[in-house]
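**Student:** For the record, in the sequence shown the residue sitting at position 178 is 178 according to our numbering, with numbers rising by one throughout.
Hints were generated in silico from the structure; no laboratory data involved. Check before you lean on any hint, since a few could be wrong.
Claimed, not checked - DSSO-like cross-link-like pairs, simulated, lysine-lysine; straight-line CA separation at most 30 Å:
no., residue 1, residue 2
1, Lys170, Lys275
2, Lys265, Lys144
3, Lys211, Lys137
4, Lys275, Lys224
5, Lys61, Lys96
6, Lys71, Lys104
7, Lys39, Lys211
8, Lys144, Lys275
9, Lys144, Lys211
10, Lys104, Lys50
11, Lys97, Lys165
12, Lys255, Lys265
13, Lys39, Lys213
14, Lys39, Lys61
15, Lys74, Lys96
16, Lys61, Lys71
17, Lys211, Lys38
18, Lys74, Lys61
19, Lys24, Lys104
20, Lys144, Lys24
21, Lys74, Lys97
22, Lys137, Lys104
23, Lys74, Lys24
24, Lys38, Lys104
25, Lys170, Lys38
26, Lys249, Lys213
27, Lys49, Lys71
Unchecked claim - Restraint ranges, calculated between C-beta atoms of paired labels, are given here:
no., residue 1, residue 2, range
28, Phe133, Glu191, 30 to 38 Å
29, Arg136, Lys24, 37 to 45 Å
30, Asn276, Ser53, 55 to 63 Å
31, Lys61, Gln235, 53 to 61 Å
32, Ile52, Arg163, 48 to 56 Å
33, Asn276, Glu208, 37 to 45 Å
34, Arg21, Ser53, 44 to 52 Å
35, Lys24, Lys209, 17 to 25 Å
36, Glu25, Asn139, 43 to 51 Å
37, Thr143, Lys74, 19 to 27 Å
38, Asn11, Lys61, 15 to 23 Å
All residues carry an ideal CB built from backbone N, CA and C; glycine is no exception.
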Amino acid sequence: MLYLVSTPIGNLEDITLRALRILKEVDIIACEDTRNTKKLLNYYNIENKKLISYHEHNEEKSSIQIIEYLKENKTIALVTDAGMPCISDPGYILIKKCISENIKVNTVPGANAGLTALVSSGIESYNYTFYGFLPRKNNELRTKLNEILLQNTTAIIYESPHRIKNVVEKIVELDSDREISVARELTKMYEQIETDTSQNILFQFNEEKIKEKGEFVLIISPNKNITRENIDNNQLLEEVEELVQSGMKNSEAIKFVSRKYNINKREVYNLYHEKNL
1 MLYLVSTPIG
11 NLEDITLRAL
21 RILKEVDIIA
31 CEDTRNTKKL
41 LNYYNIENKK
51 LISYHEHNEE
61 KSSIQIIEYL
71 KENKTIALVT
81 DAGMPCISDP
91 GYILIKKCIS
101 ENIKVNTVPG
111 ANAGLTALVS
121 SGIESYNYTF
131 YGFLPRKNNE
141 LRTKLNEILL
151 QNTTAIIYES
161 PHRIKNVVEK
171 IVELDSDREI
181 SVARELTKMY
191 EQIETDTSQN
201 ILFQFNEEKI
211 KEKGEFVLII
221 SPNKNITREN
231 IDNNQLLEEV
241 EELVQSGMKN
251 SEAIKFVSRK
261 YNINKREVYN
271 LYHEKNL
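Could you put together the complete structure from these sequences and hints?
**Tutor:** Structure (C-alpha coordinates):
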(Lines of atoms letter the chains of each structure in order from A; the text may use other names.)
(Lines give C-alpha, C1' and ligand atoms only; values in the text may rest on other atoms or scores of the structure.)
Protein backbone atom coordinates (compact mmCIF):
# COMPACT_ATOMS: atom_id res chain seq x y z
CA MET A 1 0.00 0.00 0.00
CA LEU A 2 1.06 3.58 -0.69
CA TYR A 3 0.41 6.19 2.00
CA LEU A 4 0.32 9.90 1.15
CA VAL A 5 1.42 11.49 4.40
CA SER A 6 1.03 15.20 5.11
CA THR A 7 3.95 16.72 7.01
CA PRO A 8 4.26 20.01 8.97
CA ILE A 9 4.48 23.25 6.97
CA GLY A 10 6.75 24.84 9.56
CA ASN A 11 6.12 23.95 13.17
CA LEU A 12 7.16 20.31 13.62
CA GLU A 13 4.38 19.75 16.14
CA ASP A 14 1.77 20.11 13.40
CA ILE A 15 1.61 16.43 12.52
CA THR A 16 -1.10 13.92 13.35
CA LEU A 17 -0.73 10.87 15.57
CA ARG A 18 -1.78 8.73 12.63
CA ALA A 19 0.94 10.24 10.41
CA LEU A 20 3.58 9.44 13.02
CA ARG A 21 2.32 5.88 13.35
CA ILE A 22 2.41 5.35 9.58
CA LEU A 23 5.94 6.74 9.32
CA LYS A 24 7.06 4.33 12.03
CA GLU A 25 5.35 1.32 10.46
CA VAL A 26 6.11 1.59 6.73
CA ASP A 27 9.02 -0.22 5.09
CA ILE A 28 10.11 2.73 2.96
CA ILE A 29 9.66 6.50 2.96
CA ALA A 30 9.82 8.29 -0.40
CA CYS A 31 10.97 11.86 0.18
CA GLU A 32 11.12 15.07 -1.80
CA ASP A 33 14.37 15.83 0.03
CA THR A 34 15.78 13.13 2.31
CA ARG A 35 17.63 15.74 4.40
CA ASN A 36 14.42 17.52 5.36
CA THR A 37 12.62 14.27 6.08
CA LYS A 38 15.49 13.10 8.32
CA LYS A 39 15.05 16.22 10.46
CA LEU A 40 11.38 15.34 11.00
CA LEU A 41 12.14 11.68 11.73
CA ASN A 42 14.93 12.59 14.16
CA TYR A 43 12.62 15.02 15.97
CA TYR A 44 10.22 12.14 16.66
CA ASN A 45 12.90 9.49 17.20
CA ILE A 46 11.88 7.45 14.17
CA GLU A 47 14.98 5.44 13.33
CA ASN A 48 16.33 2.91 10.84
CA LYS A 49 14.05 3.84 7.97
CA LYS A 50 14.91 3.23 4.34
CA LEU A 51 14.61 6.59 2.56
CA ILE A 52 14.45 6.99 -1.21
CA SER A 53 14.35 10.16 -3.27
CA TYR A 54 11.17 11.21 -5.09
CA HIS A 55 11.05 14.76 -6.48
CA GLU A 56 9.97 16.67 -9.58
CA HIS A 57 13.19 15.88 -11.47
CA ASN A 58 13.03 12.09 -11.05
CA GLU A 59 9.28 11.44 -10.72
CA GLU A 60 8.97 9.17 -13.73
CA LYS A 61 11.98 6.99 -12.89
CA SER A 62 11.30 6.85 -9.16
CA SER A 63 7.62 6.03 -9.74
CA ILE A 64 8.61 2.88 -11.61
CA GLN A 65 10.91 1.83 -8.77
CA ILE A 66 8.25 2.52 -6.13
CA ILE A 67 5.65 0.53 -8.07
CA GLU A 68 8.05 -2.43 -8.09
CA TYR A 69 8.46 -2.18 -4.31
CA LEU A 70 4.68 -2.00 -3.85
CA LYS A 71 4.20 -5.10 -6.00
CA GLU A 72 6.61 -6.87 -3.62
CA ASN A 73 4.10 -6.00 -0.84
CA LYS A 74 6.31 -3.29 0.64
CA THR A 75 4.49 -0.46 2.42
CA ILE A 76 5.61 3.01 1.37
CA ALA A 77 4.91 6.50 2.68
CA LEU A 78 5.25 9.42 0.25
CA VAL A 79 6.11 12.75 1.88
CA THR A 80 7.12 16.18 0.62
CA ASP A 81 9.21 18.79 2.37
CA ALA A 82 6.10 20.46 3.79
CA GLY A 83 2.37 19.87 3.60
CA MET A 84 0.41 17.48 1.43
CA PRO A 85 1.90 15.58 -1.51
CA CYS A 86 0.54 16.67 -4.93
CA ILE A 87 -0.45 20.19 -3.80
CA SER A 88 2.11 22.09 -5.91
CA ASP A 89 4.44 19.23 -4.96
CA PRO A 90 5.41 15.86 -6.50
CA GLY A 91 3.10 12.85 -6.30
CA TYR A 92 0.59 12.98 -9.15
CA ILE A 93 2.53 10.70 -11.51
CA LEU A 94 3.01 8.01 -8.85
CA ILE A 95 -0.63 8.06 -7.77
CA LYS A 96 -1.82 7.78 -11.35
CA LYS A 97 0.43 4.74 -11.88
CA CYS A 98 -0.81 3.14 -8.65
CA ILE A 99 -4.42 3.53 -9.73
CA SER A 100 -3.68 2.01 -13.14
CA GLU A 101 -1.97 -0.96 -11.39
CA ASN A 102 -4.85 -1.38 -8.88
CA ILE A 103 -2.51 -0.57 -5.99
CA LYS A 104 -4.33 0.92 -3.01
CA VAL A 105 -3.52 4.52 -2.08
CA ASN A 106 -4.32 5.79 1.40
CA THR A 107 -4.17 9.51 2.27
CA VAL A 108 -3.17 10.75 5.73
CA PRO A 109 -4.32 14.42 5.85
CA GLY A 110 -2.72 17.21 7.81
CA ALA A 111 -1.30 20.72 7.57
CA ASN A 112 -1.87 22.79 4.42
CA ALA A 113 -0.35 26.24 3.81
CA GLY A 114 -3.07 27.46 1.45
CA LEU A 115 -5.98 26.75 3.78
CA THR A 116 -4.05 28.02 6.82
CA ALA A 117 -3.46 31.34 5.06
CA LEU A 118 -7.05 31.52 3.82
CA VAL A 119 -8.76 31.07 7.18
CA SER A 120 -6.30 33.49 8.81
CA SER A 121 -6.78 36.24 6.22
CA GLY A 122 -10.28 37.43 7.08
CA ILE A 123 -11.17 37.20 3.37
CA GLU A 124 -14.25 35.24 2.25
CA SER A 125 -13.55 31.52 2.51
CA TYR A 126 -16.82 29.91 1.37
CA ASN A 127 -15.82 29.62 -2.29
CA TYR A 128 -12.20 29.61 -3.36
CA THR A 129 -9.94 28.52 -6.20
CA PHE A 130 -6.40 27.21 -5.72
CA TYR A 131 -4.02 28.38 -8.45
CA GLY A 132 -0.69 27.16 -7.08
CA PHE A 133 2.28 29.02 -8.56
CA LEU A 134 1.67 31.69 -11.22
CA PRO A 135 3.61 32.06 -14.50
CA ARG A 136 7.03 33.69 -14.20
CA LYS A 137 7.06 35.73 -17.42
CA ASN A 138 5.51 39.17 -16.91
CA ASN A 139 3.16 39.06 -19.90
CA GLU A 140 1.84 35.61 -18.91
CA LEU A 141 1.62 36.71 -15.28
CA ARG A 142 -0.42 39.77 -16.18
CA THR A 143 -2.79 37.68 -18.30
CA LYS A 144 -3.32 35.19 -15.49
CA LEU A 145 -3.89 37.90 -12.91
CA ASN A 146 -6.43 39.52 -15.25
CA GLU A 147 -8.30 36.24 -15.27
CA ILE A 148 -8.08 35.78 -11.49
CA LEU A 149 -9.20 39.31 -10.64
CA LEU A 150 -12.35 38.85 -12.70
CA GLN A 151 -13.43 35.72 -10.84
CA ASN A 152 -16.11 35.78 -8.14
CA THR A 153 -14.24 33.30 -5.94
CA THR A 154 -11.37 33.91 -3.53
CA ALA A 155 -7.98 32.98 -5.00
CA ILE A 156 -5.22 31.06 -3.22
CA ILE A 157 -1.75 31.44 -4.74
CA TYR A 158 1.69 30.18 -3.75
CA GLU A 159 4.69 32.40 -4.48
CA SER A 160 8.41 32.58 -3.76
CA PRO A 161 10.03 35.44 -1.81
CA HIS A 162 11.84 36.56 -4.97
CA ARG A 163 8.65 37.08 -6.99
CA ILE A 164 5.94 38.01 -4.48
CA LYS A 165 6.51 41.78 -4.67
CA ASN A 166 6.33 41.74 -8.47
CA VAL A 167 3.00 39.90 -8.29
CA VAL A 168 1.60 42.47 -5.85
CA GLU A 169 2.82 45.29 -8.11
CA LYS A 170 0.91 43.78 -11.04
CA ILE A 171 -2.24 43.50 -8.91
CA VAL A 172 -1.92 47.18 -7.95
CA GLU A 173 -1.70 48.12 -11.63
CA LEU A 174 -4.91 46.22 -12.31
CA ASP A 175 -6.90 46.91 -9.14
CA SER A 176 -5.25 49.00 -6.44
CA ASP A 177 -8.26 48.73 -4.14
CA ARG A 178 -8.64 44.95 -4.24
CA GLU A 179 -8.38 43.38 -0.79
CA ILE A 180 -5.55 40.85 -0.62
CA SER A 181 -3.63 39.03 2.08
CA VAL A 182 -0.02 37.88 2.15
CA ALA A 183 1.14 35.23 4.60
CA ARG A 184 4.75 34.20 5.18
CA GLU A 185 6.57 31.79 7.48
CA LEU A 186 3.28 30.17 8.46
CA THR A 187 3.33 28.34 11.84
CA LYS A 188 6.95 29.45 12.40
CA MET A 189 8.41 31.91 14.88
CA TYR A 190 8.30 34.86 12.46
CA GLU A 191 4.87 34.14 10.98
CA GLN A 192 3.35 37.23 9.38
CA ILE A 193 -0.12 37.66 7.89
CA GLU A 194 -1.16 41.04 6.48
CA THR A 195 -4.56 41.82 4.93
CA ASP A 196 -5.25 45.15 3.23
CA THR A 197 -5.76 46.73 -0.18
CA SER A 198 -3.17 45.69 -2.75
CA GLN A 199 -1.83 49.26 -2.77
CA ASN A 200 -1.30 49.27 1.00
CA ILE A 201 0.29 45.80 0.91
CA LEU A 202 2.74 47.04 -1.74
CA PHE A 203 3.54 50.01 0.50
CA GLN A 204 4.40 47.59 3.30
CA PHE A 205 6.77 45.73 0.96
CA ASN A 206 8.40 49.00 -0.11
CA GLU A 207 8.83 50.02 3.53
CA GLU A 208 10.17 46.54 4.36
CA LYS A 209 7.41 46.04 6.89
CA ILE A 210 6.82 42.79 5.03
CA LYS A 211 10.13 41.02 4.53
CA GLU A 212 10.75 39.21 1.25
CA LYS A 213 11.80 36.05 3.07
CA GLY A 214 10.20 32.65 3.42
CA GLU A 215 7.54 31.01 1.26
CA PHE A 216 4.42 33.12 0.65
CA VAL A 217 0.73 32.40 0.28
CA LEU A 218 -1.24 35.15 -1.45
CA ILE A 219 -5.01 35.42 -0.99
CA ILE A 220 -7.03 37.61 -3.38
CA SER A 221 -10.59 38.56 -2.52
CA PRO A 222 -13.31 37.85 -5.10
CA ASN A 223 -14.55 40.31 -7.70
CA LYS A 224 -17.65 42.03 -6.33
CA ASN A 225 -19.18 42.61 -9.80
CA ILE A 226 -19.95 46.31 -9.40
CA THR A 227 -23.01 47.09 -11.51
CA ARG A 228 -23.17 49.48 -14.46
CA GLU A 229 -25.47 51.84 -12.54
CA ASN A 230 -22.73 52.55 -10.00
CA ILE A 231 -20.08 53.74 -12.42
CA ASP A 232 -20.05 56.58 -14.95
CA ASN A 233 -18.44 56.67 -18.38
CA ASN A 234 -15.49 58.80 -17.31
CA GLN A 235 -14.48 56.28 -14.66
CA LEU A 236 -14.73 53.47 -17.18
CA LEU A 237 -12.46 55.32 -19.59
CA GLU A 238 -10.01 56.25 -16.86
CA GLU A 239 -9.64 52.61 -15.87
CA VAL A 240 -9.11 51.51 -19.47
CA GLU A 241 -6.48 54.21 -20.02
CA GLU A 242 -4.66 53.35 -16.80
CA LEU A 243 -4.41 49.73 -17.89
CA VAL A 244 -3.17 50.71 -21.35
CA GLN A 245 -0.55 53.02 -19.83
CA SER A 246 0.62 50.17 -17.59
CA GLY A 247 1.44 48.14 -20.70
CA MET A 248 -1.77 46.25 -21.46
CA LYS A 249 -3.09 46.08 -25.01
CA ASN A 250 -6.17 48.21 -25.77
CA SER A 251 -8.32 45.16 -26.48
CA GLU A 252 -7.25 43.43 -23.24
CA ALA A 253 -7.91 46.57 -21.17
CA ILE A 254 -11.37 47.00 -22.68
CA LYS A 255 -12.17 43.34 -22.09
CA PHE A 256 -10.95 43.51 -18.49
CA VAL A 257 -13.02 46.59 -17.60
CA SER A 258 -16.14 45.28 -19.34
CA ARG A 259 -15.97 41.97 -17.46
CA LYS A 260 -15.13 43.69 -14.17
CA TYR A 261 -18.37 45.72 -14.30
CA ASN A 262 -20.43 43.16 -16.23
CA ILE A 263 -20.84 45.55 -19.17
CA ASN A 264 -21.10 44.62 -22.82
CA LYS A 265 -17.60 44.82 -24.30
CA ARG A 266 -18.91 46.70 -27.36
CA GLU A 267 -20.18 49.53 -25.11
CA VAL A 268 -16.75 50.05 -23.52
CA TYR A 269 -15.07 49.70 -26.91
CA ASN A 270 -17.27 52.43 -28.39
CA LEU A 271 -16.72 54.79 -25.45
CA TYR A 272 -12.96 54.34 -25.63
CA HIS A 273 -12.67 54.83 -29.39
CA GLU A 274 -15.05 57.78 -29.48
CA LYS A 275 -12.80 59.59 -27.05
CA ASN A 276 -9.64 58.67 -28.91
CA LEU A 277 -10.80 59.58 -32.45
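**Student:** A separate judgement is required for each hint: does it hold in the structure or not?
**Tutor:** Verification of the hints:
| no. | hint | result |
| --- | --- | --- |
| 1 | Lys170 with Lys275 | holds (26 Å) |
| 2 | Lys265 with Lys144 | holds (19 Å) |
| 3 | Lys211 with Lys137 | holds (23 Å) |
| 4 | Lys275 with Lys224 | holds (28 Å) |
| 5 | Lys61 with Lys96 | holds (14 Å) |
| 6 | Lys71 with Lys104 | holds (11 Å) |
| 7 | Lys39 with Lys211 | holds (26 Å) |
| 8 | Lys144 with Lys275 | holds (29 Å) |
| 9 | Lys144 with Lys211 | holds (25 Å) |
| 10 | Lys104 with Lys50 | holds (21 Å) |
| 11 | Lys97 with Lys165 | violated (38 Å) |
| 12 | Lys255 with Lys265 | holds (6 Å) |
| 13 | Lys39 with Lys213 | holds (21 Å) |
| 14 | Lys39 with Lys61 | holds (25 Å) |
| 15 | Lys74 with Lys96 | holds (18 Å) |
| 16 | Lys61 with Lys71 | holds (16 Å) |
| 17 | Lys211 with Lys38 | holds (29 Å) |
| 18 | Lys74 with Lys61 | holds (18 Å) |
| 19 | Lys24 with Lys104 | holds (19 Å) |
| 20 | Lys144 with Lys24 | violated (43 Å) |
| 21 | Lys74 with Lys97 | holds (16 Å) |
| 22 | Lys137 with Lys104 | violated (39 Å) |
| 23 | Lys74 with Lys24 | holds (14 Å) |
| 24 | Lys38 with Lys104 | holds (26 Å) |
| 25 | Lys170 with Lys38 | violated (39 Å) |
| 26 | Lys249 with Lys213 | violated (33 Å) |
| 27 | Lys49 with Lys71 | holds (19 Å) |
| 28 | Phe133 with Glu191: 30 to 38 Å | violated (21 Å) |
| 29 | Arg136 with Lys24: 37 to 45 Å | holds (40 Å) |
| 30 | Asn276 with Ser53: 55 to 63 Å | holds (58 Å) |
| 31 | Lys61 with Gln235: 53 to 61 Å | holds (56 Å) |
| 32 | Ile52 with Arg163: 48 to 56 Å | violated (31 Å) |
| 33 | Asn276 with Glu208: 37 to 45 Å | holds (40 Å) |
| 34 | Arg21 with Ser53: 44 to 52 Å | violated (24 Å) |
| 35 | Lys24 with Lys209: 17 to 25 Å | violated (43 Å) |
| 36 | Glu25 with Asn139: 43 to 51 Å | holds (50 Å) |
| 37 | Thr143 with Lys74: 19 to 27 Å | violated (45 Å) |
| 38 | Asn11 with Lys61: 15 to 23 Å | violated (33 Å) |
Violated hints for the displayed structure, listed by number in ascending order: 11, 20, 22, 25, 26, 28, 32, 34, 35, 37, 38.
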